[in-house]
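4 protein chains.
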Amino acid sequence: MASAFGEHLRVSVYGESHGNGIGALVEGLPAGFPVDTDALMQFMQRRQGGNNALSTSRKEPDIPEFVSGVTEGRTNGFPLCITIKNTNTRSGDYSELRDKPRPSHADYPAFVKWGGMADMRGGGHFSGRLTAPVCAAGGIAKQILASKNIFVGAHIARIAGIADEAFPLQPDAALFDEIAAKAFPVISDAAGEKMQAAILDARSAGDSVGGVITCCVTGMPAGLGDPMFDGMENRLARVLFGIPAVKGVEFGDGFALADMRGSAANDPYCVDAAGNIATKTNRNGGILGGITTGMPIVFSAAIKPTPSIAAKQDTVSLSAMQPAELEIHGRHDPCITQRAVPVIEAAAALVMLDMLLSRTEDHI
Amino acid sequence: MASAFGEHLRVSVYGESHGNGIGALVEGLPAGFPVDTDALMQFMQRRQGGNNALSTSRKEPDIPEFVSGVTEGRTNGFPLCITIKNTNTRSGDYSELRDKPRPSHADYPAFVKWGGMADMRGGGHFSGRLTAPVCAAGGIAKQILASKNIFVGAHIARIAGIADEAFPLQPDAALFDEIAAKAFPVISDAAGEKMQAAILDARSAGDSVGGVITCCVTGMPAGLGDPMFDGMENRLARVLFGIPAVKGVEFGDGFALADMRGSAANDPYCVDAAGNIATKTNRNGGILGGITTGMPIVFSAAIKPTPSIAAKQDTVSLSAMQPAELEIHGRHDPCITQRAVPVIEAAAALVMLDMLLSRTEDHI
Amino acid sequence: MASAFGEHLRVSVYGESHGNGIGALVEGLPAGFPVDTDALMQFMQRRQGGNNALSTSRKEPDIPEFVSGVTEGRTNGFPLCITIKNTNTRSGDYSELRDKPRPSHADYPAFVKWGGMADMRGGGHFSGRLTAPVCAAGGIAKQILASKNIFVGAHIARIAGIADEAFPLQPDAALFDEIAAKAFPVISDAAGEKMQAAILDARSAGDSVGGVITCCVTGMPAGLGDPMFDGMENRLARVLFGIPAVKGVEFGDGFALADMRGSAANDPYCVDAAGNIATKTNRNGGILGGITTGMPIVFSAAIKPTPSIAAKQDTVSLSAMQPAELEIHGRHDPCITQRAVPVIEAAAALVMLDMLLSRTEDHI
Amino acid sequence: MASAFGEHLRVSVYGESHGNGIGALVEGLPAGFPVDTDALMQFMQRRQGGNNALSTSRKEPDIPEFVSGVTEGRTNGFPLCITIKNTNTRSGDYSELRDKPRPSHADYPAFVKWGGMADMRGGGHFSGRLTAPVCAAGGIAKQILASKNIFVGAHIARIAGIADEAFPLQPDAALFDEIAAKAFPVISDAAGEKMQAAILDARSAGDSVGGVITCCVTGMPAGLGDPMFDGMENRLARVLFGIPAVKGVEFGDGFALADMRGSAANDPYCVDAAGNIATKTNRNGGILGGITTGMPIVFSAAIKPTPSIAAKQDTVSLSAMQPAELEIHGRHDPCITQRAVPVIEAAAALVMLDMLLSRTEDHI
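Residue numbers (the numbering used here), protein chains in the order written: chain A, 1 to 364; chain B, 1 to 364; chain C, 1 to 364; chain D, 1 to 364.
FYI, nobody ran anything at the bench for these hints, they're computed from the structure.
No false leads were mixed into what you were given.
Just a sample of chain A residues kept apart from chain D, beta carbon distances all over 12 Å, derived:
hint, residue
1, 181
2, 187
3, 273
4, 324
Computed list of lysine-lysine pairs in DSS-like fashion (alpha-carbon distance at most 30 Å, straight line):
hint, chain 1, residue 1, chain 2, residue 2
5, B, 312, A, 280
6, C, 280, D, 312
7, A, 312, A, 194
8, B, 182, B, 194
Quantities reported herein were computed from a predicted structural model and do not represent experimental measurements.
A virtual CB, placed ideally from N, CA and C, is assigned to each residue, including glycine.
Please model the complete structure; the sequences and the hints are all you need to start from.
Here's what the structure looks like:
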């Protein structure tokens, strides 16, 4: 299935960085939902980053066209095909890269898999650009979720060892909006400034940094998810590792739980003010046995540093099967973590909506 | 699909802790493979732990019966149904647990999902016992992989903050065998002894600990995996989060990459002694863009501490919708990390074999 | 996926004719349904045929054991593993068949596919015996459907050119029960007697006959099914062609529609006595565009004559790659159509229940 | 999954008759195949029918644009998105149809399913127009198959009770080409003229006719297909019932087998001139137990008469829940069978290629 995921809500991503266009086919959306295209464009804009020193200079206007699936502004029940044209492709300097795979990019494994026939200009189908259609689809999912009082928000939890504040136990939608409105999506602006300084530091050294993004979903009912291999964690993880540069995924306190004792890691139950069952802490990230507990769903993703750096790197010549050196030209994002924040939200929104649409009659 | 995974090699797990039996249905195994049942029993034995203070006292002999799929000791091309009988089930003291969900177990979300109709005695289908059929299926996969010179090994990388030595860049099968032969599967026995002391400490405090397991697969060819959502990382992560208590998964250096600079995180290419393309380091865990590079595949899983602890815990009464206290009786593993090591290997072996069997004509 | 089907209700069939056992793994059943095992045994008995001249003499008692998924007589929400032991296997005379494929059985293609390693004794996994677990799973589905006022019935529509009466436009459950209670499941006993005579005729000539089975499902709501490739027709057809000997499937008037004019083939709408929308005729079998109309779902399956016949047949020796002759010994059903009737019902019931469980939020 | 099918080669169809465009997303094509766009256009032209009295007057030029997946004329290994713009949509007279479902169209079940929110103008996603992207995808599949000496051909086997000649036991590619070159794709032109006269007869009566199409695939190796529910028959049937108006599917002699005796229906084996195993007859259509035998794969599909006819028809008003009359205006195909011939070929080609790409290591 490769570039697609989802059970009832199926999202298939297509396109290459330097081809005619990119896009997504979204199957299974309920009919009759009025898509707010302005809000969608605004959401997609967050992925493109600002016109600042933190981001690359390639700035294509990512305008999603609905080829199908929307009639008079509303979803019509049929597959929604979104296309985003590629307008700003320059592939002049690609010949060297065909022979010399860039370290820690997909170039070499793609070369082996497709026998050199894949279109890897600009990263091809592996390019970060392919996250634009994920945001287009996920932006619609976010709107549908919001109409059901389910909200998705994320922030940069860490860059270069500098940590942001953590989400509160029960974040509200206003906090998510506040973070989303920032050019640099953190909770604590003080921490954010230190992170940005670290990014600029790396940039001036011709280097790059990674980061950790934490995402939270509120309003999902308890009892969603299937046991063992189709739980909420399994589904989210499968999709999150499809976002370029993600190398780790954890739920709740994740790897930190591994160093705790059970008495500290367990989330005791309580009855909340509204008379509902809740947990006093949420170290398990709102998921037990793969099934939602009704607490906010919390997870984090580790983003590796941008592999395109200015320094000369060791590689090989595929034609000569000899060691070679490679210098990657052009401007590159010294950090993509801030731009990945809405992508993580989009992925989460799509998984949540799929989960809701896949709900069935679990008991008589 | 819930309790099943795999594309060409499909593994479906069934059973409840206190029902008649547990097992797995394995579809897609190539015909004609001679299953070494002694080796399989030995592998499954690793999951059961020794008769020592580190493990629970329930010791059922997990004997896999082949209901179908094997004829005269060889796979016959048809679905392989493995059944393991439950012989040692005591469910006398379950009534309290029906009403009071154990913190950080699946009890409460399962109660909501199945309206109280799920058989949750002993954890039901969520019990760690369900990893026995995963090991039965995975043990066969390991044998098939070994016949193709592909080897899978794992060790406890960390318990209670105590770290084991790391795998070398290119571990050999002998090292995997050596670790597997140990009652406590670590590389450094000195580190292992400290870990065991920490487990016994927690045990005497009526508490529990978690840990991190690192797994390595050698011999997988480059070019395997599909882009975006069906890469090696996506498939492994989806299955690993199906193992009870896993709360985090990372590939290569994973979360540590998030704090590195690109110049330190990138894996430069080289030509190895045999004339093949390799990388000098393997911080990406043998996977780029979801596709194998030909380097060992390396990943880690975070195991949360056993949620069953001796201390009195806060919970709620589901019938009264009131706060309640819960004391969990009986003996429980103070740490399951050491028993989860072969389970992680089994899961990895199944994903690897599925990947190999799903290989198609990628280019003309 | 091979021997499995279903979206939310997933049925995986396993076993070989001469192995230890056969069975089915059923995932996705709602929890809490009380299984009527007596009714289930009675339903499965219909597949085994009577002790008469129409059926083979091999009469194993097909007793389904629930390894998992049922607790105290009720489904428990977890995968239901059904096993039926094989007790009456005689494989003494199989050696000749290994080398000489029986015409119109799966022997030869199975030999090519699995390189001679498949266990084809008695037909192996292709044996008609594998329809027993389909009936076990489908019998439970029928019970759940009946609790929702959805009923499934079938009859022999034709054998050896002799046609039964057709179902009325709106058959009721009593008619289904009446047919099901007959040893030879037809509507018109007069037609049935002629059919039985034709079967015995073929039998005394050492030959066999096929037939056509028509099945009807009442009570399914309108609006179920997905467009294009996942409609009701697509799903039913996929499963029906999995029943051994089925070589044709048609909906409503099917192939007869191809010879009608539109004015005769169209089903005009009306408002029925209860004020609901209905059609005056049902030549489209209750399905338009793959989606249910609310009218009874009607389809037919063509069953080819039993390929095992007494006459000497031309085949080849696989070892010698030379023409050879084959005489198939033992007793064989001169007609399996009557025994296939409950199998068709079982398959239909499973698809219907899956369809109901897969229903999602189609519109806002 | 709805509008998508395929295991390794996945085809997802999108679009509505009166929306912006229609198309297909094709995942899993091998990289490096040079697409012959002229041949593709010629193949797609067959679906559009000639400018004659047999077909409707709406004649949009169906020009497939490759948004992704093709670089410099070759497949590039990544998902291939094909878009065909809708240029000739007139939806002025749709308001009456919104309220009065056309008999034997999908209007009413679609209304129920999507609560009136589906875009059903011109049939929406159920329109025969959606077979254009199937032909675009299938046309490419045909080219890839031809490069492997696998050929797909079809003819009109019957219209209005008038039968064409049958395919010979082993048709060659030249015969397929000859039929494909005809405006009215039959083997016997004499039969074809009678059929056309019957179509024009129906047309002058304001009525329509259906027909039967028989398709044949040569060159597929033996041993392809999976047991029970994923065999060649299951996969083909599932896709064929996705083509609008198909109401029956049979393999080999299909329903006619149901009236034969086993001695007449069995296909005896022989060794052919080239020393390969073959069958002397092919009444099973090259498939046994769902697996290919190496003989040509032969199947037929029943096409119901075009439901849009000139005569006044009984329907209901959905707003008033009252009986109503409907007159369908505009010009409509009096028969779509001839235009469906390349669609059937396209569907078959896609299933064949998928089968080849899904081949795995069946035995050690």
